[in-house]
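Residue numbers (the working numbering), protein chains in the order written: chain A, 1 to 257; chain B, 1 to 261.
Quick caveat, the hints were computed from the structure, so don't treat them as lab data.
Treat the hints with care, as some may be off.
What the hints assert, rightly or not - DSSO-like cross-link-like pairs, simulated, lysine-lysine; straight-line CA separation at most 27 Å:
1. K24/A / K252/B
2. K40/A / K252/B
3. K255/B / K83/A
4. K83/A / K256/B
5. K256/B / K24/A
6. K187/A / K129/A
7. K83/A / K24/A
8. K194/A / K124/A
9. K24/A / K255/B
10. K25/B / K40/A
11. K83/A / K252/B
12. K40/A / K255/B
13. K24/A / K40/A
14. K214/A / K187/A
15. K131/A / K187/A
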Amino acid sequence: MASIDLDDVSLDFHVRENKRMTLKEYILHGMFRSGGNRVKVVPALHDIQLHLRDGDRVGIIGHNGAGKSTMLKLIAGVFPPSKGRRTVQGRICSLFDMSLGFEWDACGWDNIHYRSYLQGETPKTLAPKLKEIAEFSELGEFLNMPVRFYSAGMLVRLAFSIATAAEPEILLVDEVLAVGDLAFQIKARERMRKMMENARILVVVSHELSSLNKICNQAVWMDHGTIHMVGPTDEVVKAYTKYMEKTPPKPGAALAA
Amino acid sequence: MNTLRTIWDFRYFWGSLVRMDLRMKYRRSFLGIGWSLMHPIAMTIVFCLIFSSWMEHAQWWQAAPYFLCGLSIWTYLVQSTTQGCHTFFANEYYIRQCPLPLAIYSLRTILGTSIHFCISMSVVIALVCILQESTEPLTVLPAVFPAILLLMILAWSMSVSAAFVNVYFQDMQHLLDVVFQLFFFLTPILYEKKLLYEKGVGFLADFSPVVLFFDLIRTPLLTGEVADFDLYAQACGLVAIGVTVALLLFSKLEKKIIFQL
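Pulled out of the complex, with its shape left as it was, chain B reads as follows:
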């Protein structure tokens, strides 16, 4: 409870650092924050041109939001984790000067990636509305928002775990790069989930947290059908596990991490 209060008391500190990170990232660039969208949008265009014939609904206006939404969620989790690896090293100077709760620095990382994610999700929602020429996708938003919130908490817990593990084993970040690259192709980001079942590797979809959030966010947005309560329960369970691990890491290692930096 005390930690939470300290984090709140120092909100101006981490708040201004997050603002600075955003400003610095796009300093002196013409597109500004638009650069963060360039990557998924460019990928989406390429995939639409090349791969949309793989999909059953071969029309590009159906495939484009499918790709973009999938990429946004995937990129968010990957970036939160890989940038999370650098959390404590990037803020080493502050950690060495002031004994503030380390959670403050995890907030700096996760808020940065979350802002990008929110922007790209807004683009996805706008794109769906424009391409379907209706505001119907907006009606599922009340069901999608809690899922986005759960996803953010999950991303935070992954970021925290990566931050602690990477301090002890610095080869972790390279290992993660490889693992994420591998799973980029094993996750139905660019193809449909049923393809995995047809190939007999359905377990890849069944046990993937990313697929769970695709079902909770992407499918409702594109089809207008709200996800089952069951899926929400699974997501809550997953988030609870992630948060428990993150909090355990904080409680066990918060005081010890300074000796490893």
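Isolated chain A, as found in the complex:
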């Protein structure tokens, strides 16, 4: 059984006002000076409560800078929470930034290996899946070429094929599907639906409100690092659209507060 539990989770980023500190600055700062390059605390997530179980397909929506991607990374365990508790059970697979995590000079086949090993596969478990990954990506001969020459859409195809072949219990996706062409989007959606039949958890961040209810059965509306509304996709999307039409928010509002 897979589950995600976030209890009163908060996450703060400590950002320097100017640039990164150098060793020289650190020593001078420590001995002679004060002030200068101050650290600013940016609250990215605030008192998040989220409990997901098998079969939950959740879409996260919200304005830019609302904390959607940060929350996804916190669920993935990339960011440790500053406060509260994160408990996740199940094998996680994450699709964050498509263009990242490829070894550019290696060919498509090699990258299938690296990424699959990163997801915990072994040569034994990967061997039977190789053909299927290649077929699903429909990249054919391109797999023999270095990934450097791939287009954004081809990278998405490859990354998505690898990620979903791992049969993760929890799949985290961040605004990436829109890059593939229409045929692939339909295929990807179909695949996600199939994965969901095995009672797994999907969390997807998206600005594509119209397609969200085809994938998700729940939606989370995030606003300035907090959860504003949780519920069935249709209701949340409707409320969100209505709100946005009235008062389009500014990403910097949380910082100024």
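Given the coordinates of chain A, work out where chain B should sit on it, guided by the hints.
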């Protein structure tokens, strides 16, 4: 313990990355892995031609393995540390996607440099045997191998420390370049240790970890005399300090480093 198991579970991941690094480095080059040997060998030839008259044993066939072995050990430590500086930045994409133990990425760095070191040490050993026209140097190998192992652990700990410090202070890598350049001349790589004592700066040899490993690896290989137990104890102490620092850095900063990348 859990961390160790995770690192082992993901051995195919870092193993294949190390293999790829090696392959990429020498892709489409005629000499292949031989390029990594070109630098020390070319240096050795130059030094033999120019500087061997400085040495007491002025014969080139004695000086050449001396230079080459010294350069191999020195280059290994320098490269492990300077490449270590880039460990977390080079693997930032993976760190941002998957919460794997960071030690995995330090392994990627250190295994790459260690493979080069092993190759150049094999050349040194072969060279000594050929030039001395005997297999006698091979008899000290059982004593030299533990020293090489200790050196590798030390190199790993230096690489890890450099990786963490460089994330916080990125001018560290430039500072290290200067420091290493300086110590290249203050370390008896190309001259003999006693020269430092004669000039009254013997402490440079006494407190240098590199000299310690020269005594444990280079001297036995060239003279056939196994190093004192005392030196091994010193090396063990040094390695223990290095490993403690590296493990402390992991335990204190492992979770925080993501906010600095």
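Results of checking the hints against the structure:
1. K24/A / K252/B: holds (23 Å)
2. K40/A / K252/B: holds (22 Å)
3. K255/B / K83/A: holds (14 Å)
4. K83/A / K256/B: Distance ~14 Å between K83/A and K256/B Cα, so the pair holds.
5. K256/B / K24/A: holds (22 Å)
6. K187/A / K129/A: Judged against 27 Å, a Cα distance of about 18 Å means the pair holds.
7. K83/A / K24/A: violated (33 Å)
8. K194/A / K124/A: Holds, because 24 Å separates the two Cα atoms, which is no more than 27 Å.
9. K24/A / K255/B: holds (25 Å)
10. K25/B / K40/A: violated (41 Å)
11. K83/A / K252/B: holds (17 Å)
12. K40/A / K255/B: holds (19 Å)
13. K24/A / K40/A: OK: K24/A and K40/A at ~21 Å, within 27 Å.
14. K214/A / K187/A: Distance ~13 Å between K214/A and K187/A Cα, so the pair holds.
15. K131/A / K187/A: holds (17 Å)
Checked against the numbered hints above, the structure breaks hints 7 and 10 and satisfies the rest.
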